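S.K.: Here are the chains, one letter per residue:
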Amino acid sequence: METIEKVIKIVSEATKVDASNIKAETNFIDDLNLDSLDMVEMMMKMEEEFGVEIPEDKTEDLKTINDVTNFLKTIN
Amino acid sequence: MQLNRVAVTGISAICGLGNNLDQVWNNALAGKSGISEIKDVDPDKWPVRIAGSVKDFQISEDILAAKEQARFDTFIHYALHCTDEALKQSGLLDAGYDPYMIGSVLGTGLGGFPFIENAHKTYMDRGPRRVSPFFVPSFIPNMASGKISMKWNFKGTNHAVSSACASAAHAIGISAAEIMLGRQDALVTGGSESVVSGLTIAGFNAMKALSRRNDEPELASRPFDKDRNGFIMGEGAGILILENLEKAKARGATILAEVVGFGSTADAYHITSPHPDGEGTIPCMQQALKQAGIEPKDIDYINAHGTSTPTGDIAETNAIKAVFGEHAYNLSISSTKSMTGHLLGAAGGLESVFCIKAITEGEIPPTINLDNPSEECDLNYTPKKSVKKEIKYVLNNSFGFGGTNSTTVFKKYEE
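Chains A and B are the protein sequences, given in the same order.
Using the working numbering, you'd call the opening residue of the first sequence number 606 and step up by one each time.
Using the working numbering, you'd call the opening residue of the second sequence number -7 and step up by one each time.
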């Protein structure tokens, strides 16, 4: 599975938003109405699924599916 | 100061007997047991494997969004589910009250203990970074009231009451006072509890408080019976909508009953054992009668605390005799815990619902499994079968660890 597909799947499962409605440019806050707690939980799921550690100061920059995907690619 | 009268305009319940008011009430009248085996648990870790568990329950997504469901412990689900049913019955949402005059005060003894247990396992096994940001909001005792306020936009007083097994009863008493004093027009109250987990069972078991009649779950809860040997843990919720009676009348609401008296005392004696001479419970019942402005002989039915423990049932029986004298033998008593198990912090909520239904339906739910009353328990506990009876005043007792007591008196509504 492509990284972006995996990211979308995780986000879809966490938010119960259908994966077909989540695109590369989908913004977590503006489009999915996630709050700060949702964001922390989401990043924890990414860490588990990808076996990585996302530094807390990085998460603020990760606003869209693309941001997360690109970041995961740089550290993987 | 003239106090406002307090109406009950909506009720709902969930417990081992059913997932809505009608199921719970009809099964209670039929004398069914809601106690069953806790399946698929390790007998080495679960010395007690019976409980009054809720069956086949799934909260509606209209009440709690799918995304949120896994984020809140079950006691919050039960509270929201029952609040929805009670609100529909009351018509409160169409009353047009100021949102700041509608509050929510719910009791819970342990809050989201199972979620704490699970999160602690995560913390121990996988470290602090794996503890969810939703962990704290998932279990805090006031989150049931909090979520109710958010769901229905109730901006009045909002908090939780925790007094062990008297929690919901205290919540109802406090809520009634809010209305009597004119501080709120309406409140959601009662209580909710869901702590059938390995650790809680282990804890209550260590106190020798639980019946270990694992092979006969339906016979295990037997208040006042010779063979009783401890309580059975139950779970669920009992929710009441209380309202300023004049305002409820003005909007044409159906008034189910009135809350007319409340008593609240402490034994000041022992952490878990009731005072053997009823030093806390006797004045507690007397206070409630006094506030109701009635004599002991006016009470038609007592929904007893009656948990099925050897000492507790005798202590309560003696206290009832002390308060009611000869009338103790005339009035009807029952312990619905014989069917539901002990809902701990939610017990007073569920049992208040039974009291109110007893008033509106003119029928008293039984004490099942009462085959041979123990010698010291010689009152009329409505054994085995429900009894039809015209009821004007009912009294509900709820007592808790920490030596806390509360008594509520409900009255049939008359203009």
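Some hints could be false.
From chain B, some residues computed to sit far from chain A (all C-beta separations above 10 Å) [said to hold, decoys possible]:
#1 K24
#2 A58
#3 P91
#4 M116
#5 R121
#6 S124
#7 P125
#8 F126
#9 I247
#10 H267
#11 N322
#12 E368
#13 S378
Some chain A residues judged to face chain B by a derived CB distance under 7 Å, without partners named [unchecked claim]:
#14 L642
#15 L677
#16 K678
Honestly, the hints are just simulated from the structure, not real lab data.
Values in this document were obtained by computation on a predicted structure and should not be read as measured data.
Each residue gets a CB set at the ideal place from its N, CA and C atoms; glycine is no exception.
S.K.: Taking the hints in turn, state whether each one holds.
M.R.: Hints, one by one, checked against the model:
At roughly 36 Å from the closest C-beta of chain A, the C-beta of K24 (chain B) stays outside 10 Å, upholding its exclusion from the interface. Annotated as non-interface, A58 (chain B) brings its C-beta within 10 Å of a C-beta of chain A; the closest such distance is 5 Å. At the 10 Å boundary, the C-beta of P91 (chain B) stays outside the reach of chain A, the nearest C-beta of that chain being 23 Å off. At roughly 17 Å from the closest C-beta of chain A, the C-beta of M116 (chain B) stays outside 10 Å, upholding its exclusion from the interface.
The Cβ of R121 (chain B) sits about 8 Å from the closest Cβ of chain A, inside the 10 Å cut-off, so the non-interface label is violated. Not every C-beta of chain A lies more than 10 Å from that of S124 (chain B), the closest at about 6 Å, which undercuts listing it as non-interface. Distance check on P125 (chain B): its Cβ comes as close as 4 Å (rounded) to a Cβ of chain A, failing to clear the 10 Å threshold; non-interface status is violated. Some Cβ of chain A comes within 10 Å of the Cβ of F126 (chain B); the nearest lies about 6 Å off, and the non-interface call is violated.
Distance check for I247 (chain B) against chain A: the nearest CB is about 40 Å away, which clears 10 Å, and the non-interface claim stands. Annotated as non-interface, H267 (chain B) keeps its C-beta farther than 10 Å from every C-beta of chain A; the closest such distance is 45 Å. Listed as outside the interface, N322 (chain B) is consistent with that label: its C-beta sits roughly 57 Å from the nearest C-beta of chain A, beyond the 10 Å cut-off. Against chain A, the non-interface label of E368 (chain B) holds: every CB pair exceeds 10 Å, the least being about 54 Å.
With a minimum CB-CB distance of about 44 Å to chain A, S378 (chain B) clears the 10 Å threshold, and the non-interface call stands. Proximity of L642 (chain A) to chain B holds as hinted, the smallest CB-CB distance being about 4 Å (cut-off 7 Å). With a least beta-carbon distance of about 17 Å to chain B, the hint placing L677 (chain A) at the interface is violated under the 7 Å criterion. Given hint, K678 (chain A) at the interface with chain B, is violated; its Cβ is 22 Å from that chain's nearest Cβ, farther than 7 Å.
Against the hints set out earlier in the document, violations occur for numbers 2, 5, 6, 7, 8, 15 and 16.
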